[in-house]
Every structure is written in C-alpha cells, then in structure tokens.
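Colleague: So you can see what is in the structure, the chains are spelled out below.
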Amino acid sequence: MWNIDERKLLKLILQEIIPASKDGKIPSAGLVSVINYLENKVKEEPNLKRLFNIGISRVNDFVISTKKNINSIDSKNIIFFLKKIENEEPLFFKEFLKHTYMGYYSEPSVRPYFGVSSNPPHPNGYEVPEEEPNFLECLVEPVKKRGICYRKC
Amino acid sequence: MPKKKEITKNAKVDVLIVGAGASGAAIAYSLTELGVSITCLEQGDWVDHTNFPSTKSDYELHRYSEFSCDPNVRKLPQDYPINSEDSPITPVNYNAVGGSTINYLGHWPRFHPSDFRTRSLDGVGKDWPIDYETLAPFYGINSNIMGVSGLPGNPAYPYYKTELPPITIGKLGQTLAKGFNKLGWHWWPSDTTILSQEYEGRSKCVNAGTCDLGCAAGAKASVDITYWPLLKRKRVEVRTQCRVKEVTINNDGMAGGVLYYDSEGDLQEQKAEIVVMACNGIGTPRILLNSKSKLFPNGIANRSGLIGKNLMFHPLSGVVGIFNEPMDGFKGPMACSILSQEFYETDNTRDFVRGYGLHSGRYTTPMTYALGGYGTDKLIPWGKEHRKSMDEYPYLAGLTVVTEDLARESNSVTLDSNLTDNNGIPAPKISYQVDENTRKMITHGEERAKEALLAAGAKKIISSGGDVWWRAGWHQMGTARMGNDPESSVVNSWGRCHDVKNLFVVDGSIFVTAGAVNPTSTIQALSLYIGDRIKKNVENLFD
Numbered sequence: 001m002w003n004i005d006e007r008k009l010l011k012l013i014l015q016e017i018i019p020a021s022k023d024g025k026i027p028s029a030g031l032v033s034v035i036n037y038l039e040n041k042v043k044e045e046p047n048l049k050r051l052f053n054i055g056i057s058r059v060n061d062f063v064i065s066t067k068k069n070i071n072s073i074d075s076k077n078i079i080f081f082l083k084k085i086e087n088e089e090p091l092f093f094k095e096f097l098k099h100t101y102m103g104y105y106s107e108p109s110v111r112p113y114f115g116v117s118s119n120p121p122h123p124n125g126y127e128v129p130e131e132e133p134n135f136l137e138c139l140v141e142p143v144k145k146r147g148i149c150y151r152k153c
Numbered sequence: 001m002p003k004k005k006e007i008t009k010n011a012k013v014d015v016l017i018v019g020a021g022a023s024g025a026a027i028a029y030s031l032t033e034l035g036v037s038i039t040c041l042e043q044g045d046w047v048d049h050t051n052f053p054s055t056k057s058d059y060e061l062h063r064y065s066e067f068s069c070d071p072n073v074r075k076l077p078q079d080y081p082i083n084s085e086d087s088p089i090t091p092v093n094y095n096a097v098g099g100s101t102i103n104y105l106g107h108w109p110r111f112h113p114s115d116f117r118t119r120s121l122d123g124v125g126k127d128w129p130i131d132y133e134t135l136a137p138f139y140g141i142n143s144n145i146m147g148v149s150g151l152p153g154n155p156a157y158p159y160y161k162t163e164l165p166p167i168t169i170g171k172l173g174q175t176l177a178k179g180f181n182k183l184g185w186h187w188w189p190s191d192t193t194i195l196s197q198e199y200e201g202r203s204k205c206v207n208a209g210t211c212d213l214g215c216a217a218g219a220k221a222s223v224d225i226t227y228w229p230l231l232k233r234k235r236v237e238v239r240t241q242c243r244v245k246e247v248t249i250n251n252d253g254m255a256g257g258v259l260y261y262d263s264e265g266d267l268q269e270q271k272a273e274i275v276v277m278a279c280n281g282i283g284t285p286r287i288l289l290n291s292k293s294k295l296f297p298n299g300i301a302n303r304s305g306l307i308g309k310n311l312m313f314h315p316l317s318g319v320v321g322i323f324n325e326p327m328d329g330f331k332g333p334m335a336c337s338i339l340s341q342e343f344y345e346t347d348n349t350r351d352f353v354r355g356y357g358l359h360s361g362r363y364t365t366p367m368t369y370a371l372g373g374y375g376t377d378k379l380i381p382w383g384k385e386h387r388k389s390m391d392e393y394p395y396l397a398g399l400t401v402v403t404e405d406l407a408r409e410s411n412s413v414t415l416d417s418n419l420t421d422n423n424g425i426p427a428p429k430i431s432y433q434v435d436e437n438t439r440k441m442i443t444h445g446e447e448r449a450k451e452a453l454l455a456a457g458a459k460k461i462i463s464s465g466g467d468v469w470w471r472a473g474w475h476q477m478g479t480a481r482m483g484n485d486p487e488s489s490v491v492n493s494w495g496r497c498h499d500v501k502n503l504f505v506v507d508g509s510i511f512v513t514a515g516a517v518n519p520t521s522t523i524q525a526l527s528l529y530i531g532d533r534i535k536k537n538v539e540n541l542f543d
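Protein chains in written order, with the working numbering: chain A, 1 to 153; chain F, 1 to 543.
In isolation and in its complexed conformation, chain F is listed as follows:
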C-alpha cells in the first residue's frame, strides 16, 4: 500500500489572508502598519500585462475562451467550476493576483448613505451596523491608492474629491447627457479607476475600449499594479497557485490556519494567529462551508446557519438606441461614461422599493454585438437581417439598468454534491431567483431608459424585453453578512466572525444590502475600515 504523503507544515504567520484580489490587498495594506508577518494565499498567479488579449489581433475571440469572465467557460487550472443551473444569473470573476480587478470595468461609484439604512428608511432588508460617514474616510484612502477619475460635486452624494479630472465622456456620453437634461433627470460623469491623466507612474487611458480583456496600458487600476507593489515593499508574502481547502479549528474554538493545495497538488498547512477571508461572495462561503469540524459540523463560524444565504447580485437589463450619427461606442472605457441616479432612491409613488441606476456603458466590439447584442447571449439574425443589424452598429448607444437586489435567504451558495474543482474540493452551487421587487424595477428602468434614449435623439429602440443578463453575476454580496446580532449575522460590525474570534471576512460576503452600484469601491473601503478596527483593537482583539 503506497504511503500517504505527509502534509507539509509551514512556520506560523501572524496574519494569513486568503485571496489576493481587491479586498485581500486592501486589508494587507492596512495591517502592514502593525509590523507583523503577513502571508497571502492566492489560487491564481501573477498576470503578464504585456500579454493581455487586447494586444493581439484576434482579441475579441479571447472573450469567449481563456479570458472569458465566466469561469465555467475559461476552465483554467486556477478556476473552480460553479453550478448555476438553478439561477438565471451566473457568477463571473477572475482568479489571479488582482482577482476580478484584472477583468472588471473600473466603474467606481460609492454606495449612497441610504444603502446602509434600508430597514429604517424603507422597511426592507436590514440596516448595516455601520454607516456611510464611517466608511467615507476609507473610500478616500482607497481612492488615493487606486487613482480615481471623476467630477466632484455630484448631487447624488455627500461631497467628496477625486484624484483626477473625469475621463472623457465622449460623443455617446454627451448625447445621452443632453437627453437626461431635456427630461430634467440626474446624471453625472462616471467615477472610475481608469486614469484621465498619468498617476503614480501609470499611463492615462488610450480609449482602447476593451477593459474586460485587461488593460495593457496600465490605465485601469487592478490591485496587482496599485496595492501589490506597495505590499511587496512592505514584505507581504504572496504565495500563488495555492488553493485553500479549509480553515482549520483548534480545540479552543479559534481558527488554527488553513489547509491548502500547492501548485504541485500537495497539501500544506499554514498556521496563523489571524485568518482573513477575501475570496468574494461565492468563494468565501464555499471555503467556510467546506471547513467542517465537530465544533462546526455545518461549516466554520456558521452557528447562525447564514453562511451562503442572502446572496445578492445586481440583476441587469439593457436598452439600446440607434442614432442618426455614429456614437463611437467602442472608443473609451467600456462601462464608464455617465451614470444617472434619478431613480436610485425609494419613491412611494412607484410599485417597488429602493431603486436602480441607468449606466451608459459604451458599446463593445462588432463580434460581441453580433454574438449577444447587449449582454443577452442572443445571436443577432443571419441573412439580410444580419447585414441590417450590423449597419446599425456604429450608431448604437445604450443604457444598462442596474437594479438593487434585496436579500432573500433562499438565494444562496451551497456546496454541490457532485461537482468539484481539480483538487477535488466541492464546488459552489448557486440557487437564485430574481425578486418580484427587482422585476418591477427592471420594467420601470427599461421604460425610463427608452424615454432617455428617445429624448437624446434615438430614432429606434432595441430592448431585451425584461430578460436579465446571464453573465451579470459580477457583484456577489451578502453571503456572510455583518451585524450586531449573532443570530442574524455571521460577522460583527468590523468583520470578525461572531463564532470564531480570530477569523475575519472582508469581501462582498459581508454586505448587508446590495445598493445599486458597482461594489468594489465599497468592498475596499470596508476592508480598510476593518483593518483600521483590527489595529485599534489589537490589544484585546479576541475579547
């Protein structure tokens, strides 16, 4: 009988962070001030920015293979499969140092103050145990590190500054802005981590229009080029191609560290004083649920039974207008031009609570339009109709309806009983339904988007007819939410698990509500805030 290979045991570290993406990098940065040893385990590797698909002549094809946002399409060794058969939305991500900031679109709106108070204000969801004012300084610190372009003075927010002037909104943005002005509706140039000017050694945007295929110019802030160079200087260790299997538990009920598979597929143990989970709203509950013990038979820190529950996305839908002049939609940052928050806050005259944003994404490249138009995955017709559709391509401008999702326990991440990754670790299974409130928002949003496009001069409207986009699962939130009550939340007001006092969660899992904006700026602000609280409480961290 072959001898079972022994688990390699590594020297104990002070802080062990699982995940080298947006939130993992931010907390590492914050904790470097403590002068302690910090190690980060990342299942992916460093990516070579000079080799991004956008540098290749067949760049569009990469969107449908190894650089797809969908791990079930990409199927790279570092990816884990996700069973989303029981969901109209599939999660998307990227696994590497930098995480999904490698292929995200850099849109950088903040949450509204009301997003933290939905129960008190609107009687839905739960209030956060912290508020906008608490996070505001950390939004600022993060903005400085990432480099944010934007126009100060947006009346949809308490006043804040950005590092750089706004990116060019372009012909498309200007046209739509005039439409919003005609209707008397709010709009504002998008905040973005895409540089309008050189910043901290990074080049400004060259308007390549392929932000999802990686930014070879370095104009889009991915944390591998913003936070990680700072972290390396502070001697934070990142171990790549290391996939965490489970968080271990000691006899005293504290986390001992993790077991992980290294690049050779061998099991290693890494002990730590503090374990920080930063693997996003799908990856974190997956690992916590996989961490079963006598003390926690349903997954570590899961006495509330809420790990994996209350999964929130931002269900998306889109409306496109055809204009008389070319809109140059493929030139410039993909998702960022202007953003209307006219319908963001609750209005009691509507048949839904909370709200949505109208995002004027620029248009994408011809292949992507032919293969799915506006995110619908429906091919445009063949034959003469095909030529007609493509004749309209240069004249397109669209609005994406980005809706606030309300938390429901039935929307969840569980462990699939059959599907595993290439290390044999059970894969996540998504069970998700679009809420009735959200459906009403989508209907309302599509109608308002049509109005705005027509006011801007569109001569024809194309709509997905209320269908939510399949690959809309960029924003994964709520699956280990924060709160003061251990019965109804997983972590406390500063990210520490109620049940395991040296285990922290800092990613989108801890969101209590979803807002209706891209969450990465809030994820990172929250992560920096948690780091700050750890530093302030360091003397009695585990009390």
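Bound conformation, chain A alone:
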C-alpha cells in the first residue's frame, strides 16, 4: 500500500517517535515489523485509513517544503514536523502514536529489553520465589499487634 519512499519516510518518523536507547541496544520503532503492523491496521480499519491519508498527505507536503531528498532530512526537521502535526492534527497523531506503541510492543523481540519474556505468558509463566510462612508471619506481626481494625456491629 505504501510505496518505498513512503515507507522510508515512515521509518524516519518512527525512529523519532520511539528512539533507540543511547547505547543502541534497544531498537527504535523504525522496525519493519512496526511499519507492517501499521500498514495492516490501516488496511483493516477504514476510519484509520481516512485518518492516515490525512497524515500521509501532510508528510508529503512536508517533504516538498523541505526541498530535500528523503535521505537527507535530519532528525531535527522531523521532530519539528511531528510537533506541528501533533498540534494541528491531534486526532490523527493520537491514533498514530497509539498504533505505533501497539506495533512496537507487540514485537516479541522487544519485550525482553523490559525484562518481559518474548514467549507468551502461558504455559510457562514466570519463576517467583515462594515466601516461607515464617517470613510472612514476621512481616504481618506488627499489623496483628495493633489488633482488630473493623467495626463490630
């Protein structure tokens, strides 16, 4: 649906929406899977398609206004443009952000950077050390000592 130039530009934009970590270990949102996610979402939902058409035409206008080749548009220009769109097209921008976050964080390879498994939670779940009964009894001891705290009626 989106042509090569549009995908290239979208990648540049996504890299600013969720930038890579400073050390480069955590990738930005400019992943192919995020672009594909957005493209599929737009195909599925006519309302979203209408909104994204507005956004895409604004992006095209922006590229023309810079009189630059896509490859030479710098980060500052993109951030300036995104802030402008955020103010002028808030509905589009909110949806764009929402779906970018959804596309990015549904990518299994991203989750481990936040400590969360790339696997589905079931069947394995997570190891959590069990607390010994004595440990809990000690922890609640001060609460017990203060006595009942409900009203008898």
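Since the hints were made in silico from the structure, they are not lab data. Possibly wrong hints are sitting among the right ones.
As the list claims (entries may be wrong) - Each computed SDA-like pair below joins lysine to any residue, with the alpha-carbon atoms no more than 25 Å apart:
id, chain 1, residue 1, chain 2, residue 2
1, F, 75, A, 45
2, F, 384, A, 88
3, A, 94, F, 391
4, F, 232, F, 13
Place chain F on chain A using the hints.
Modeller: Positioned in the frame of chain A, the structure of chain F alone reads:
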C-alpha cells in the same frame, strides 16, 4: 406479505436463571438440592481456555480488541453496547458461560460488617436487611467451591479460614508491606481465587501476570471451571447464545417466563415457575426495564421506580512509585498482592464518610503501560521522553485507590432511545457522576498512597492527579436494591421482587451499599444465601 415466524414455545421448567456468570452459577448450585428442573440462559458461549490470548505471542494486542474488558471495544456478537457518554466511568464485563469471572482479576476480599450498616453507623446510604454474620457461612461455602488463597487472621475482619495459603506477594508486595509497616498502617496479603497450590484438579498459578486475558493454567477460578462442572453433573441445563428480551407477566401478576432470541436470531419462549435474574448490575435492570406490560408499564417489578437507580461503581485512581530496584511487577497475579484497609472505616477527623482501600496491583505489561500507564488511557509521551518513561518501567510499583461509592438516585441505568444490540433490544444508557464525598476520598487516598510508596523507598512518584479511571466499571451495584420496604427497594431481604413473587434477583443489582472492595465474593455469598432461603421457604414461596 411474508408470514410472521411463530415463537417457539419450550416445555415449562421449574427454575429459569438468566445469566451463567458468578451469581447465576451459585444460585443454580444451591437450588440443585431441591431436585427440580433448572435451565440457565446465557447470551455468550463456552470459552476455550486453551485458546486464551495469554497463549499467543501477540497477547497484549488482544487487550485492545476481542478480549478487551470493554464491550464497546470488543463488539462480539454476544455483547450489547452500552451508552456511557454521560459518565466518567464506563462499565466493563465479559459475556460467556462464566460471565466476567472469565476476565476478572480474582481479587476476593469480603465486605466488612460495617458495610451492611452505613445508615446506622455513619448516617449515609441505607442499612441492608441482612448482616455480615448472616452471609458469613455462605462466604465459606463459596470459598470452598472457588478455592481461595489467603492468610487467615486479618485484623480487618472477623476471623475466617481460607482453603489455601496466600499467593506469593512477590518483591513488589514485600517492598510495599515494609512501607506500610514503617507507617504503622494496616495491610494484609490479598485473598484471591488464584491458586497458590493445586486444588480440586486445578493447577496452581504460574505467575503469568495476564489474568485479564484469561487464565490458561486454570489457576484463576472462573465459574465455568468451578461451579459449572458440578452443575452439569447435577443436570442443570445451560443454553448458550440465548439473549433474553424480556420477562413475561401472567394475568395473575406472576412472571410467566422469558422471551429470548436464540443463536439463529429466532424468538423463543421459555416458561418457568420461578425466574431468577443474574445478569449483573447493568444487564439485569436493562432486561427488567425492557419488560413492559399493562401491569408494569415502567418495567416489571418496578412499582418503586427504583429499577436502574442508585447505580454504584468503585471509582478508582492510582499512584505509582519508581524504585531503585526492579519490582518484577509483571510477574504474578495482576491485581492481587497486598491490600491496605487502614482507611476503610469512617474516621470523623476526615472530610468524608466511609472509606477506601489501597490495593497493590502488580504492574502490567510494557504495551499497556505505554498506552495508558496506570489505567488512565493517557499515552506516555513520544520521543526522548518515551524512552525515559520506559526505562522506568521495570522499577514501578503502584497503589490503586478503591473508593466506596454512595448510592444516588441520579446515578442510573436507563434504556437508550436509539442504541440497540444486534437483536434490536434497547441498550442500557449510563448516567453517572462521581460523588463529592468520593472525590474527597480520592484526594485523601492519593496522598496516603504517595506516603506509603515513599515510606517503601520510592524515589519518584507518578500520579493521575485525581482523575478516575475510565474503564473502572467492573463493579456494578445497587440498581435493584434489597430492603424490607417496597417503597424504597426492589427486592426483599432474600432477593424476591416485592411486586412479582416468583421473580428473583441475585446479582450485584441488589446491593444496598457498595463497600470499597471487589464485590464478587459477596455477590456469590448473597446468591447462595438467597438459594438457601428459597429452599427453606419452598412450601410457601409465593406468600
């Protein structure tokens, strides 16, 4: 002119229950002792536990589509739309055999004794026609069937036992508990229907942390895997994909049964000796209001005019602390770790009556945090700030302020004049405002939550600033309340409608007050109690 399709008429049953969720299953269980024929109509279907979103690699996305807690997002064929434009809180639910226990979080606190006596004690709301002691044995029976993990001896309650030891409170719970201890405040490990050990053939919790997406381990008690296997053995019939349109009325003023749409969209009639409504605090008033007749032009059993009125939720707000060490918030039961009831009871030195709980929910998964942080529906920022926020994600621990709502007639469920479900039945419309007393509680609660988090070692606090959460409408109560006076209540002290003596209501609609805790344990205890009273009064049930 095409011939109008005739209504299929089914053989009369003794007991007809509308809704196969928490309360419907509990009353069915109780009434099986009578040895009568029991049929349950459910608009949803059985759910396949092996296919829950938590078994899929894109599991988080399902929270925003077909497994959303919000029926207006889910839009499945069995869902009915809800107009909540006139409310800061929208109701959430799940429609299936098991009802909202399919996607609830399994938190299982009981009501306090004072919750049944708010008028006598604090001069607000109304007293219930029953008390805590009356319900206590039924809390126990229900606990045994659902399987409850918890630590006995909580000084916030009269003593009771649980079936299993508490679930692991985890690093997050331990950290917050130390903060509460430092302040000298009450806290206790959460009671939960999530298993800490194997129980009745169900596996223990694997700490998947996605309880709202269905528990594929079977560790969370949803009634389709607790009550319904018992009910099937007792030959209780459940008819799925059957949406009730209205309760019918006979010439003698008794309920005749119901009209319902089957899975093909055809209208059927089911007659019954007794009709029991178990469709939650929104669904039940919706059906009763839709059941208009000459005798009841404003909805069946509605001479008091109170059906749909006095809607209560638990308005929620949250405060989050950022700690120095990872809190592992995504590991373990989502909503259950520890619960502080330090501010639950009325204290005359405060500027509000009644109280609230501080619930230490564990944290959720990265996408959910990015999309709404702590239930606020506000996206976290983009750009460099986004990365900063997400760097903090592993270090989060939060407290949810769960407030008691006071009943107000203006907070209501009515029928929408335009919106309908896919069978053309008018949809519910919610009109609701957060009470001033509740707002003061939220302000107080957020301040105390900050104190507790700081005492526990938080280095930074994030607060929603008094905003109540939009999708906080899990607990729907009060819309057909119980009482001894037919002028000021819809059902009597054992769930029977004052106006129609073979029509019962057993769900959260009949609550008189809301308490400040998750209500499902009380809903089911109440349903079992009503079943018990029906059995005891069976000889002269309609007198």
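Colleague: Provide an ascending list of the numbers of those earlier hints which the structure does not satisfy.
Modeller: Nothing - there is no hint that the structure violates, so all of them hold.
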